[in-house]
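Dock chain B against the given chain A, drawing on the hints supplied.
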Amino acid sequence: DVKVTQSSRYLVKRTGEKVFLECVQDMDHENMFWYRQDPGLGLRLIYFSYDVKMKEKGDIPEGYSVSREKKERFSLILESASTNQTSMYLCASSGGLAGVSSTDTQYFGPGTRLTVL
Amino acid sequence: GENVEQHPSTLSVQEGDSAVIKCTYSDSASNYFPWYKQELGKRPQLIIDIRSNVGEKKDQRIAVTLNKTAKHFSLHITETQPEDSAVYFCAASIDRWGYQKVTFGTGTKLQVIP
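Heads up: the sequence lines are chains A and B, in that order. To convert, note that position 40 of the first sequence is 40 in our numbering; the numbers rise steadily by one, no gaps. To convert, note that position 1 of the second sequence is 1001 in our numbering; the numbers rise steadily by one, no gaps.
Think of the hints as simulated: they come from the structure by calculation, not from any bench. A couple of the hints might just be wrong.
[To be verified] Computed cross-link-like contacts, BS3-like style, restricted to lysine-lysine with a CA-CA straight-line distance of at most 30 angstroms:
hint, chain 1, residue 1, chain 2, residue 2
1, A, Lys13, A, Lys3
2, B, Lys1068, B, Lys1057
3, A, Lys57, B, Lys1058
4, B, Lys1058, A, Lys3
[Unchecked claim] To spell it out: a stretch of chain B is covered by chain A in this simulated footprint if at least three of its residues, at any positions, have a beta carbon under 8 angstroms from a beta carbon of chain A; those stretches are:
hint, region
5, 1001–1015
6, 1044–1051
7, 1102–1112
[To be verified] Restraint-style ranges between C-beta atoms, simulated for each label pair:
hint, chain 1, residue 1, chain 2, residue 2, range
8, B, Asp1059, A, Phe20, 35 to 41 angstroms
9, A, Asp59, B, Asn1031, 25 to 31 angstroms
10, B, Ser1026, A, Tyr10, 34 to 40 angstroms
11, B, Arg1051, A, Glu69, 31 to 37 angstroms
12, B, Asp1059, A, Glu69, 37 to 43 angstroms
13, A, Arg14, B, His1007, 34 to 40 angstroms
14, A, Asn84, B, Ser1026, 34 to 40 angstroms
15, A, Pro110, B, Ser1009, 21 to 27 angstroms
16, B, Asn1031, A, Pro39, 26 to 32 angstroms
All C-beta atoms, glycine included, are put in the ideal place defined by N, C-alpha and C.
Bound-form chain A, shown alone (with noise of 0.2 angstroms):
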């Protein structure tokens, strides 16, 4: 069973906090995401990561930063967070082999429900 999780279910920080979210995942899969999910506009892409150390923007990705040094692990970092950040934040994983075309499930985390004062 695929096992995704997030450090944190609640967190609440203030304006210009430095925010790190993270996410782990069990399953050795190649490719991991970050969304925002916000009411009405469904689940956004700020960044994703098809191995280790490689990155790639997604469609929102300014005033965020990730960092993935193992392969289980996508951080998410909110360098100054800002009240236009509150959000829930999901994170995803799924398998394909890097360097090899491939299409794959997504098995998302519980999500992370940042708000920032």
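Only chain B this time, still in chain A's reference frame:
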């Protein structure tokens, strides 16, 4: 980049009736189209998917159709039950250089009225 539009945003049906959710995509390179169901307070979970070399796929009460020429795909739920009430997301996925980029629609909130 890819743009996925999903309609309707909300849908109410009587128990036992059918529900249809429609999505369009913009990038003809998309080749994988999953549908996710998200129940209140829970994470999205895959319910059915279709690949670009297939026109239709069915799994019990749910089915998905794909029209590559028109760049649209649809989810059909027959004999709806109260437990089908949830938010449904369509997505279009592009494989590029060995990795997967997924673009989601904005979601459809389905309410099945007993």
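Tested hints:
A distance of roughly 27 angstroms separates the Cα atoms of Lys13/A and Lys3/A; the hinted pair therefore holds under the 30 angstroms criterion. Of the supplied pair hints, the one linking Lys1068/B and Lys1057/B holds, its CA atoms being roughly 14 angstroms apart against a limit of 30 angstroms. Among the hinted pairs, Lys57/A with Lys1058/B is inconsistent with the structure: their alpha-carbon atoms are about 34 angstroms apart, more than 30 angstroms. Our distance criterion of 30 angstroms between C-alpha atoms is met by Lys1058/B and Lys3/A, whose separation comes to about 27 angstroms.
Counting residues of the region 1001–1015 of chain B whose beta carbon lies closer than 8 angstroms to any beta carbon of chain A gives 3, which meets the minimum of three for the stated coverage. Note: the region 1044–1051 of chain B has 5 residues with beta-carbon separation from chain A under 8 angstroms; the three-residue rule is met and the coverage holds. Remark: the region 1102–1112 of chain B is confirmed as covered by chain A, as 6 of its residues place a Cβ nearer than 8 angstroms to a Cβ of that chain, reaching the required three. Distance hint check for Asp1059/B and Phe20/A: the Cβ-Cβ separation is about 39 angstroms, which falls inside the suggested range of 35 to 41 angstroms.
In this structure the supplied range 25 to 31 angstroms is violated for Asp59/A paired with Asn1031/B, their Cβ-Cβ distance being about 19 angstroms. For Ser1026/B and Tyr10/A, the Cβ-Cβ distance of about 36 angstroms falls inside the hinted range of 34 to 40 angstroms, so the restraint holds. Range check, Arg1051/B to Glu69/A: Cβ separation about 33 angstroms, and the 31 to 37 angstroms hint holds. Here the CB-CB span from Asp1059/B to Glu69/A is close to 39 angstroms, well matched to the stated 37 to 43 angstroms.
The hinted range of 34 to 40 angstroms is satisfied by Arg14/A and His1007/B, whose Cβ atoms lie roughly 39 angstroms apart. Take Asn84/A and Ser1026/B: their Cβ atoms lie about 26 angstroms apart, and the range 34 to 40 angstroms is violated. Checked against the hint of 21 to 27 angstroms, the pair Pro110/A and Ser1009/B passes, with Cβ atoms roughly 25 angstroms apart. For the pair Asn1031/B and Pro39/A, the beta carbons lie near 30 angstroms from each other, so the given range of 26 to 32 angstroms is met.
The structure fails to meet hints 3, 9, 14 from the earlier list, while all remaining hints are met.
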